Amino acid sequence: MSLLPWTIYTSLAGALLALVAGARSARAARWIALLSAGGAWALTLAAASRFVPGPSLQTLVDLPWVPSMGVRYHLAADGISLTLLVLTGLASTAGVLFSWNVTERAGEFFALFLTLVAGVYGVFLSADALLFFAFYEIAIVPKYFLIAVWGSTNREYGAMKLALYSFAGSAMVLAGLLWVYAAGGGHGFGFADLAQAAATLPRRQQIVVFAFVFFGFATLAGLFPLHTWAPTGHVAAPTAASMLLAGVVMKLGAYGCLRVALPLSPVGFAYWQTPIAWLAVVGIVYAGLVALMQADLKFVIGYSSVSHMGFVMLGLAAANLQSAGGAVLQMFSHGVIAGLLFAVVGRMVYDRTHTRQLADLRAMQLYRRLPFAAAVFVIAGIASMGLPGFSGFPAELTILVGAWKTRPAWAAVGALGVLVAAAFTLRAIQLGFFGSADKAAPAGDAAPLAPITLAEKLGAFLLVGATVLIGIRPDLLLNWINPALQSPLLQTVLKGGAS
Amino acid sequence: MSPDYAGLFRALGPEAALVVGALAVLGLDLTLFRRHSLGERLRLALWVGSLAVLAAGVHVWRGGAPGPVFGAVLMLDPLAVATRFGVLVLTLLTLGVARSSTAQRQPAEYVALILFAATGLILMAAAQQLLLVFLALELASLSLYVIAGFDRNRPETAEAALKYFLFGGIAAAFLLFGFSLIYGVTGSIELPQIAAQIAVQGANPLLLVALAMVLVAFGFKTAAAPFHLWAPDVYQGAPAPSAALVASASKLAGFTLFTRLLWPGLGAAAGSTASFNAGPGWLPAVAVIAAASLLLGNLVALAQTNLRRLLAYSAIAHSGAMLLGVMAAGRAGPAPLFYYASTYGLATVGAFGVICAAERGGRCEAISDLAGLYKRSPFLAGCLAVFILSLAGIPPLAGFFGKFTVFAAALRLGGVAAPAGSLAILAIALSAVALYYYLIVLKQALVAKPTAGAQPIKVAPATALALFAAAGLIVWFGLFPAELLGLF
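Protein chains in written order, with the numbering used here: chain A, 1 to 499; chain B, 1001 to 1488.
None of these hints come from the bench; they were simulated from the model. Note that the structure is predicted; figures quoted are calculated from it, not measured. C-beta: ideal position from N, C-alpha, C; glycine also. Keep in mind that a hint or two might mislead.
DEER-style ranges, computed between Cβ atoms [unchecked claim]:
{"hint": "1", "chain 1": "B", "residue 1": "E1156", "chain 2": "A", "residue 2": "A199", "range": "55 to 61 Å"}
{"hint": "2", "chain 1": "A", "residue 1": "Q196", "chain 2": "B", "residue 2": "L1166", "range": "36 to 42 Å"}
{"hint": "3", "chain 1": "B", "residue 1": "A1303", "chain 2": "A", "residue 2": "T103", "range": "33 to 39 Å"}
{"hint": "4", "chain 1": "A", "residue 1": "T103", "chain 2": "B", "residue 2": "R1154", "range": "40 to 46 Å"}
{"hint": "5", "chain 1": "B", "residue 1": "L1054", "chain 2": "A", "residue 2": "P488", "range": "55 to 61 Å"}
{"hint": "6", "chain 1": "B", "residue 1": "V1200", "chain 2": "A", "residue 2": "Q196", "range": "40 to 46 Å"}
{"hint": "7", "chain 1": "A", "residue 1": "W31", "chain 2": "B", "residue 2": "K1449", "range": "38 to 44 Å"}
{"hint": "8", "chain 1": "A", "residue 1": "A23", "chain 2": "B", "residue 2": "Q1455", "range": "32 to 38 Å"}
{"hint": "9", "chain 1": "A", "residue 1": "P488", "chain 2": "B", "residue 2": "Q1201", "range": "51 to 57 Å"}
{"hint": "10", "chain 1": "A", "residue 1": "A423", "chain 2": "B", "residue 2": "K1449", "range": "41 to 47 Å"}
{"hint": "11", "chain 1": "B", "residue 1": "P1078", "chain 2": "A", "residue 2": "R204", "range": "36 to 42 Å"}
{"hint": "12", "chain 1": "B", "residue 1": "S1272", "chain 2": "A", "residue 2": "R204", "range": "20 to 26 Å"}
{"hint": "13", "chain 1": "B", "residue 1": "S1272", "chain 2": "A", "residue 2": "V282", "range": "44 to 50 Å"}
{"hint": "14", "chain 1": "A", "residue 1": "S25", "chain 2": "B", "residue 2": "A1303", "range": "41 to 47 Å"}
Make a model of the complete structure from these sequences and hints.
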């Protein structure tokens, strides 16, 4: 466990080295990036192997940072953060593998990528709300440049929109946190300190403050109707960045909602619970329907991410142990599956065919020309639809069952979303990879596509392996997650135990 | 009590070092170096000037016992010492930047004037007698007017200097009038006596008129709306090192001076921080100026295409945030304000330093002139990223903690319902707006491809060192904010 802080430092060191080495050789930069991302992932796995689940955050480092303001450099982990740390390691390692073909300004690319990863690790490890916030903002700027420099379709617009939405969300969070901090007499930013301070505010202020912090984080989690940055940003981003953005960075928002916003003010949550849940289920169905209408394969996945993140928000809003556990499981599951889908579309298909339009892909019959990509996409699609045997199934099922316990209507509409997800996923599989032969353009168009590289295969195997493993043994993660949900701070909002 | 001349001399050691340095620069240039080339004369002048600044720094370090000096003419409290250090560091960085300055036909005079300005600024940091306050302010201002107009090749420069001088002259007249009224009301020109008198008398109409006049000068000095009109023109027209000094050291000293004037001096006439209805005072006026600066600075900056004008409007917005720090200084002490103002100064000196260095490789007026900077000079592009992101308040750079401490202190004055608290929320909201224009700058520097025929930029070693030091300090104070916040 005590090794976990080194995930942050390893990533930052890797970023610095990649920047220096990248000026000379792109090859050196990508090996450094792989070593650093893989090393950090190994650290999370090593910590996981010795992890003893429990209800409290296990402190790793705790030093005074700004003593006069009560800010501490406090890193800690519990089952929830460990789940997401492992996901971060997995997604970032796979992301580097899928960026093996980046040659333009490669050093800077991997430096920004690893800085983003460091920020993400930092957020998942922070046990001081200000430290949490600082890491959260560190993750924003690299996203902008990753998209604006290395992106595709409409990249400058997508990058700016994403950066401004993220920053506006984080400004709301900062306003809320400072508000509570000041009300508490400026003692500190520990999660429990803040909850105590918030309780001293009048009820109306608590409701407003909760909204600031929750909806600030929910912007990054892609809660409807604050989600519009996500599809444009993810589509414009280069493959590794889309994988990390959809796979992990959106989880920062959801994690912030769970770790910071929910315990901050149970009074505020009680007021907002119903609106949040309805926004989540509307988002599930709405984004699914929009995905059904897309002509660009990457946009299908972009909207599907919003739809799947809706399940996470529904799980949090339903606020019982089961739904919240499902929400964390879904964060992991969606992180893996979205990474896989973006990898297939962005790297395996787009980099070879230079189109993502379903109409064009349909004519290409990719199942013949890129059988590996087609197979991986089918697996990812099945997992994304929530079929048994893959991680999406236990996650979404747990969320829906949990939501049913709180309010059956939410679960009913949410379940509709599963049907829509099946529809848009099948459509994407069919049009994208199994187009009919008679529509294929003859001759010239059938020039052979570059074969799938080893790095791509390796990355795909890692992600497929993870979704299958958790699909078969969700208890591996749930055994970490569920005890952590019993922490006294979360117990103030999460109802119902095992009932 | 017999006057303590020895103590006075010790306290004024830094000023003496700077004046001697300025005279040495002029003297050496007129005698030994008269026949050297312009470039060499500039280099030598900068060397001598830097030594003088370092000597002044040593004097500040070794300075006398903390406390009032020579009766109560000077006050050597932690704020004064820290501000003096800050001003000297920023001046040293400006000198490093000036190495890259083009079109200097009188290098020695330029450096000497920078040193005279610094003399005035460090005197401002410690002055607590109205007469000395005014003298220090005028010494600094007059030197700054001249160096703002130093580039005689560009007509904008003359316009900038004239505008700066006229606005500054009027502001000084207001300040002097205000001071004379304060003297008339309280019968003293020393802040402790003034404070005692006001505490006894309470606010009277004449005093409120005096306060208004002092605030006009304050608004001018710190480029706060609606007294900001000179700033965009001066930032645009002045030679880059002059603009750097005006935007950084002068602002830091100005904030220290007026904080000292307003809180220890006129604190009894502050009014209430909790509500404006509690009675008249200068706090409501400062709150209005802060709100105007935040809104005007951030919104008008969105429309700028000229890089320096953008920095000017961003400076106005930052002044608004620093004014929150002034409002909070009564309760929270000067630490948040000083942290904000000094780290802001580092970022601004750096940004103007990058402009100055980039000007050697071609035009650097419009934001789009930065296009492809990452290729033309990766070093400058990296430094610019640090400075701009710090201005935008992105952690772990110092700008983030500056915002955080100031806003937290403002919110603690009475929660969100109080004026300072709601201004803090407004400022946080506007910081999301600000990110847009800062990213526009970085987009040109780091994302856009260089225009055809753009040359690589060679950076002079002294400038590179100054920029590296500024960026390093920003990162250092961002990672270890307690180093500065713990000084008070």
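Looking back at the hints listed earlier, which ones does the structure fail to meet?
-> 2, 7 and 8
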